[in-house]
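Chains as they are written, first to last, in this note's numbering: chain A, 1 to 213; chain B, 1 to 213.
In case anyone wonders, no lab produced these hints; they're calculated from the structure. It cannot be assumed that every hint is accurate.
[Stated by the list, open to error] Part of the chain B face toward chain A, derived, beta carbon under 8 Å:
1) Ala42
2) Ala45
3) Val46
4) Gln49
5) Ile69
6) Leu110
7) Asn114
8) Leu120
9) Tyr133
Note that this is a predicted model, so its numbers are computed, not measured. Each residue gets a CB set at the ideal place from its N, CA and C atoms; glycine is no exception.
Number of protein chains: 2
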Amino acid sequence: MKLYDYFRSSAAYRVRIALNLKGVDAHREFVHLVKGQQRADAYLAVNRQGLVPALVTDEHVVLTQSLAIIEWLDEVHRAPALLPDDAFARARVRSIAMAIACDIHPLNNLRVLNYLSNTLGLSDEQKNGWYRYWVDIGFEALEQQLAGDALTGEFCHGDAPTLADVCLVPQVANARRYKIDLLPYPTIVRIDARCRELPAFANAAPEQQPDAF
Amino acid sequence: MKLYDYFRSSAAYRVRIALNLKGVDAHREFVHLVKGQQRADAYLAVNRQGLVPALVTDEHVVLTQSLAIIEWLDEVHRAPALLPDDAFARARVRSIAMAIACDIHPLNNLRVLNYLSNTLGLSDEQKNGWYRYWVDIGFEALEQQLAGDALTGEFCHGDAPTLADVCLVPQVANARRYKIDLLPYPTIVRIDARCRELPAFANAAPEQQPDAF
């Protein structure tokens, strides 16, 4: 298996965590996003979207989109399960994952920040304000949802990590990088800390990757 | 079952299509996004995120996030399946759905467009340019992916509608509304037209909804 990866990509970070949780090894190929390697023909031949991650399976099938990759991993490597058995519980876990992956992260991608700076000519202050606004609005709702629900346990759902935690930890890492005040989000902070006690999460962190600088 | 809906929300439109394909009836409650009803306490008590759709099941469980809702529907009402049986095929369908739901649509949401106008003070021309940029960059990759893959059939995946088509049609409707030139995307246009021949898609269209104005 081969993972096209970039240490600072949150979407790739999710897949690194999931691979670690499943105990699945993947050869790593690094695509340097700031240098624009994702737009080079060599990478576009792998993933037309020009985004990381992409996972090439042992059958040479290219899988893209982090959540689609992780659902696939969870289907073919069942244990430990990243989605609960019960359909309502699965929906809850997926909805937490997607509140992050669809409603926070896409707004704060490198390509979006580049558009704000380069095409729209916004100042760094405006760009950082944009970044914080979408994290705060997303985390406020998520904090209330997690804190007010008995289904929340040590992790986002119960006492074992799921797809929701796999999405949460990279988003919290991004929030810290942008110096967002996390005091209003004690449940998020607690779950993030619990996750990072696990080697699967800790070893997937951006600063632990071979391509980190 | 009760669907919190708004005619022009693409995410709600996806759920309307899925309900129609499954032949599942839901009582409709309309949340007028332009009037800000999604931020009223009554709706925030249903969905803290203040986004539509939300689906309240017969067991009074509130489900949020359109793709999580549709995965749940597909698990509890199996036929017709919106995801194929094969794990690789499921990953392909989900990756197409998410290329739209994570990488195009979140950038062009009403709340994002409001931020561009109100907080950043951008002109309508800049805002429309932003809208078109993200649709074009997403559709360019998707067109190549669909056109170059033998797994594409009458629909995004084979000859029956899947979760991928459920996401594609609302995004094409949005593109038309913003007068984006669709000539460079013949495969997308062909699949969209094929989908709209089906009553499940046609009856879910924004202009067919009781709250449309």
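Hints breached by this structure: 1, 2, 3, 6 and 7
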